[in-house]
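Enquirer: Residues per chain are reported as follows:
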Amino acid sequence: MKTVKTVDEINQKIKEGSANVVTALEMKDVVAELGAEKAAEEVDVVTTGTFGAMCSSGVFFNFGHSDPPIKMQRVWLNDVEAYTGVAAVDAYLGVTQLSETRGMEYGGGHVIEDLVRGREVELRATAYGTDCYPRKEIVTEIGLEDVNQAVMVNPRNAYQRYRAATNSSDRVLRTYMGTLLPNFGNVTFAGVGELSPLNNDPEYRTIGVGTRIFLGGAKGYVIGEGTQHAPPFGTLMVKGNLKEMSAEWLRGATFPGYGTTLFVGIGIPIPILDAKIAEATGITDDKIETSIIDFGVPRRDRPVVKKVTYAELKSGKVEINGEEVRVSPLSSYYHSIKIAEELKKMIEKAEFFLSMPVERIPQKEVFKPLRHKEVKVVKSVMEKAIAIRETTSVQDASQIIITNNVNHLPVVDNEGVLIGIVTSWDIAKAVATGKTGSVSEIMTRKVITALPDEPIEVAARKMEQHSISALPVVDTKRHVIGLVTSEDLSKLLVG
Amino acid sequence: MILLKYDSRSVREPIIAKTAIETETLLNIIKASVGARQGEIIIEVEDAKADEVMEKLRAFGVEAVKIEGRIEKDDELCVHCGACISICPVEVFSVADDKKVVADSQKCIRCGVCVTVCPLSALSLPE
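Residue numbers (the numbering used here), protein chains in the order written: chain R, 1 to 495; chain D, 1001 to 1127.
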């Protein structure tokens, strides 16, 4: 590939005010109109942008030393704990850490936004005391100007693309992908497709270690590939000086039922060095594929419901099982465009110069699951279920409970299919209120069940959510094949 | 949009049907929660007929009030992410040409679901 120009030449043009800078959206039209070869000669820089919730973000602080000094063992900012397993007055505040007093409504992301807005936060620290750091406790108010350093270091930002989410289950799910309505009620997706930095440089030729970027309104740098980097689901680790950032591009947020996060604005300029890079920046949403996965299955490998492009997702509607389902973006396309435009202006005004990577990030990576002990499933811990028919009398059911020393009796029809459940408490209540007929009058008909191959953690969470202590285990045709109780599980989960 | 409140007596009568027939108005039931002793229904009628319909409903012993307060979006807080778009049952939210998320509050039925999903707490329902 013939090099058309170098980054040094582009920087010289920027200095002279003669660089031709376009946003990634504008570049689509340029490439479509002129072709990649000509576009590479015409355009010097393409600016990209993304603004979305980026959970893997946070800030390293150096608070400075108190008198007498303290080796902060635990530290809180507005009751949000920061990690202190580094030097005496250094700490890392992560955006998903929740407030110990306000819970999900306020977290690390909100503390960072408050600081950037010029608000003071309460710093509270405790320590065990040493000869060199005798102090054991401190409480004070600090602002961003009071700390020595506030360095934003985000281990995983700017996801190239992301899997979209839906929910096949019969209940509302509160997830990091937003609220997912039951029975494929909606779809949510993250990322901005054709405007997203890494999609415009999919071989990571110009985005690498040392690339200067727009981060939260300030100049920042790519410091490597992000955690979970797995092309084409690439990610970046970035850093920047929080003191120079603006709350316009850093917003603390809460995904209800999931937790807190930070919306982070990132823009990356791509130098158009040759026709191949120009062609890459011409990418459009209809060429960017991802899949919709089912969060209704609470497992690591969630089933793929269907493959889609970002163009389909952005259209606002996708079809699932023959029905039209509405789609919510979770990243802000509006602010992403603004970032690309803002960065374009900064370069045009010669306030921002480009840098080539000093090291490239991996173009291939395997994303491994956590190594842990074999997954224990329900069938390995379930006990025999003692099933009864709905015509069984309350009197007989109470006898069965006593004789077998159990608390739960699944009720089945003549095919062995689950139709209800009766607990010892139901029996006691029936006797107390004089209901002495058949169990059909007192049984619970909407039964929460477990599947034999379900991990025990999933079964435990069902019991916790519904405040119940046992689940009948059923096969796919709802035949009762066993019973799993909270006692069975607690032994295993604790041990 | 009109909110109807039924008491233990009026809840037994087919009042909506009667009102529709006698006022010759098309009624659209937006939301209904009817129990044995009381009920609440939200209906939509064309503006020109609203007063007549409400008068008729009151004559049947149903408390009828116009719903005025619709969803409000605080544009200082909103980051235009769009989490609300697919949640709203009546498609109040959409992406405008400039890619901002906009709310067509006229469609709002006050279900309140969007208020609970907004990551920036930018949505509220006035009392």
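Since the hints were derived computationally from the structure, they do not count as laboratory data.
All C-beta atoms, glycine included, are put in the ideal place defined by N, C-alpha and C.
Heads up, some of the hints might be wrong.
BS3-like, lysine-lysine: derived pairs with alpha carbons at most 27 Å apart [to be verified]:
| id | chain 1 | residue 1 | chain 2 | residue 2 |
| --- | --- | --- | --- | --- |
| 1 | R | K345 | D | K1066 |
| 2 | D | K1107 | R | K314 |
| 3 | D | K1107 | R | K345 |
| 4 | R | K338 | D | K1031 |
| 5 | R | K317 | D | K1049 |
| 6 | R | K338 | D | K1099 |
| 7 | R | K287 | R | K276 |
| 8 | R | K307 | D | K1073 |
| 9 | D | K1099 | R | K314 |
| 10 | D | K1066 | D | K1031 |
| 11 | R | K379 | R | K462 |
| 12 | R | K376 | R | K364 |
| 13 | R | K491 | R | K462 |
Distance ranges between label pairs, derived from CB positions [stated by the list, open to error]:
| id | chain 1 | residue 1 | chain 2 | residue 2 | range |
| --- | --- | --- | --- | --- | --- |
| 14 | R | D475 | D | E1063 | 21 to 31 Å |
| 15 | R | L370 | D | E1063 | 55 to 65 Å |
| 16 | R | M104 | D | A1059 | 46 to 56 Å |
| 17 | R | N407 | D | R1009 | 25 to 35 Å |
| 18 | D | E1091 | R | V151 | 52 to 62 Å |
| 19 | R | D475 | D | R1009 | 30 to 40 Å |
| 20 | D | G1069 | R | H65 | 51 to 61 Å |
| 21 | D | R1009 | R | N414 | 39 to 49 Å |
| 22 | D | L1125 | R | M104 | 15 to 25 Å |
| 23 | D | L1077 | R | P362 | 31 to 41 Å |
Output of the computed footprint for chain R on chain D, the stretches with three or more beta carbons under 8 Å from beta carbons of chain R [what the hints assert, rightly or not]:
| id | region |
| --- | --- |
| 24 | 1082–1090 |
| 25 | 1101–1107 |
Enquirer: Tell me if the straight-line CA distance from K338(R) to K1099(D) falls inside 27 Å.
Expert: 10 Å, holds
Enquirer: Is the hinted pair K1066(D) and K1031(D) satisfied, with a Cα-Cα distance of at most 27 Å?
Expert: Holds, because 14 Å separates the two Cα atoms, which is no more than 27 Å.
Enquirer: Hint check: K287(R) vs K276(R), CA-CA at most 27 Å. Holds or violated?
Expert: 16 Å, holds
Enquirer: Is K338(R) within 27 Å of K1031(D), Cα to Cα?
Expert: Violated - the C-alpha atoms of K1031(D) and K338(R) are around 39 Å apart, more than 27 Å.
Enquirer: Between the alpha carbons of K376(R) and K364(R), is the straight-line distance 27 Å or under?
Expert: 32 Å, violated
Enquirer: Taking only the CA atoms, is the gap from K379(R) to K462(R) under or equal to 27 Å?
Expert: 16 Å, holds
Enquirer: Does the region 1082–1090 of chain D contain three or more residues whose Cβ lies closer than 8 Å to a Cβ of chain R?
Expert: It holds: at least three residues are needed, and the region 1082–1090 of chain D offers 6 whose Cβ sits within less than 8 Å of chain R.
Enquirer: Hey, K307(R) versus K1073(D), does the alpha-carbon distance stay inside 27 Å?
Expert: Answer violated: K307(R) to K1073(D) is near 33 Å, above 27 Å.
Enquirer: D475(R) and E1063(D), beta-carbon distance inside 21 to 31 Å?
Expert: 52 Å, violated
Enquirer: That 15 to 25 Å hint for L1125(D) and M104(R) (C-beta), does it hold up?
Expert: 20 Å, holds
Enquirer: Given the hinted pair K345(R) and K1066(D), is their alpha-carbon gap at most 27 Å?
Expert: Judged against 27 Å, a Cα distance of about 50 Å means the pair is violated.
Enquirer: Holds or violated: 39 to 49 Å for the Cβ distance of R1009(D) and N414(R)?
Expert: Holds, at about 45 Å.
Hint violations for this structure: numbers 1, 3, 4, 5, 8, 12, 14, 17, 18, 19 and 25, all remaining hints satisfied.
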